[in-house]
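Student: Spelled out, the chains give:
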Amino acid sequence: MTGLSPTLRNELLAAIPNLRAFAMSLCGNPTRADDLAQETLMKAWDKIGSFEAGTNLKAWLFTILRNVYFSELRKRKREVDDADGHLVAGLAVHPEQLGHMDAADFMIALQQIPIDQREALILVGAEGFSYEEVAAISGVAVGTIKSRVNRARVRLTEILGLDGAGDFGPDRLSQAAIAPGAAGRPE
Amino acid sequence: MTTKSGPPKGTDQPVVADAGSPALENGDSKAVMQTDKDNGGPERAGNAVIGADIQGYLGRKLKASYDEIVRQPVPDTFRQLLEELERREKKE
Chain S
1 MTGLSPTLRN ELLAAIPNLR AFAMSLCGNP TRADDLAQET LMKAWDKIGS
51 FEAGTNLKAW LFTILRNVYF SELRKRKREV DDADGHLVAG LAVHPEQLGH
101 MDAADFMIAL QQIPIDQREA LILVGAEGFS YEEVAAISGV AVGTIKSRVN
151 RARVRLTEIL GLDGAGDFGP DRLSQAAIAP GAAGRPE
Chain V
188 MTTKSGPPKG TDQPVVADAG SPALENGDSK AVMQTDKDNG GPERAGNAVI
238 GADIQGYLGR KLKASYDEIV RQPVPDTFRQ LLEELERREK KE
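Chains S and V, in that order, give the protein sequences.
Under our numbering, the residue at position 174 of the first sequence is numbered 174, and the numbers go up by one with no gaps.
Going from the second sequence to our numbering is simple: count from 1 and add 187.
Hints should not be assumed to be uniformly reliable.
Stated by the list, open to error - Rough simulated footprint, nothing fancy, chain V against chain S, three-plus residues with beta-carbon under 8 Å:
| # | stretch |
| --- | --- |
| 1 | 16-23 |
| 2 | 29-39 |
| 3 | 120-126 |
| 4 | 143-157 |
Said to hold, decoys possible - Derived contacts from chain V toward chain S, CB cut-off under 8 Å, selection only:
| # | residue |
| --- | --- |
| 5 | Ile-237 |
| 6 | Gln-242 |
| 7 | Tyr-244 |
| 8 | Leu-245 |
| 9 | Lys-248 |
| 10 | Leu-249 |
| 11 | Lys-250 |
| 12 | Ala-251 |
| 13 | Ser-252 |
| 14 | Glu-255 |
| 15 | Val-257 |
| 16 | Val-261 |
| 17 | Pro-262 |
| 18 | Thr-264 |
| 19 | Leu-268 |
| 20 | Leu-272 |
Think of the hints as simulated: they come from the structure by calculation, not from any bench.
Built from N, CA and C at the ideal position, the CB exists for glycine as well.
All chains, please: the whole structure from these sequences, using the hints.
Tutor: See the structure below:
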């Protein structure tokens, strides 16, 4: 067992609030989020020898956390669906709430988008990782992350009713697209 | 499944009818790429476009909500866990 250098230990401590927030955004359940963050710390502690000094410790920790979460998700798919279902039941966010929508409301809306899109959006939009870093964390191609982030934004826009109830929503988009001549429109 | 979706020339045939087919993914029709109607589930929203103002709003909201959680005090159980890990390490 290699001991933790004081610097590394401090960095680890400093990352805890972010690990909790990431876990909370992923699973939407505070208790479970803290369990996830703690399990991540235990795993990180055990494998700290495999961390390359000088590389991004936060990215390394986030990778561990998301891997723990996704393997749990696979194992307990049904339980998880139930838990998330309870959380969001009856809590749909309506456009008129937007003026005073708080963090909790937004997190609830976030829980309604697919998990892979949610993960990508949080890592890019909230944590400020680059697309390349997120691709490495999630183990997929950069292009996949870009498209997940874009889809996440579109879904959130719909869930939050930000598309002006049809002003430029899907209906008008498709109308425009099927209009004669649309097929020949230059990019 | 192979779908041939040539661009309908000057007809009002709804090209979105086969939206969600692989034709959307392989880029053989740029016009179809723009027709993304999100009735077919989350996987289908990839090509839709949202305005810069909405994107900015979402970004700020996401960051603010996330940062609110980051700023929460860390429960004492985390300190206990780290102490336990350190104790364990010293014994080894």
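Student: Among the hints numbered above, which are violated by the structure, and what are their numbers in rising order?
Tutor: none
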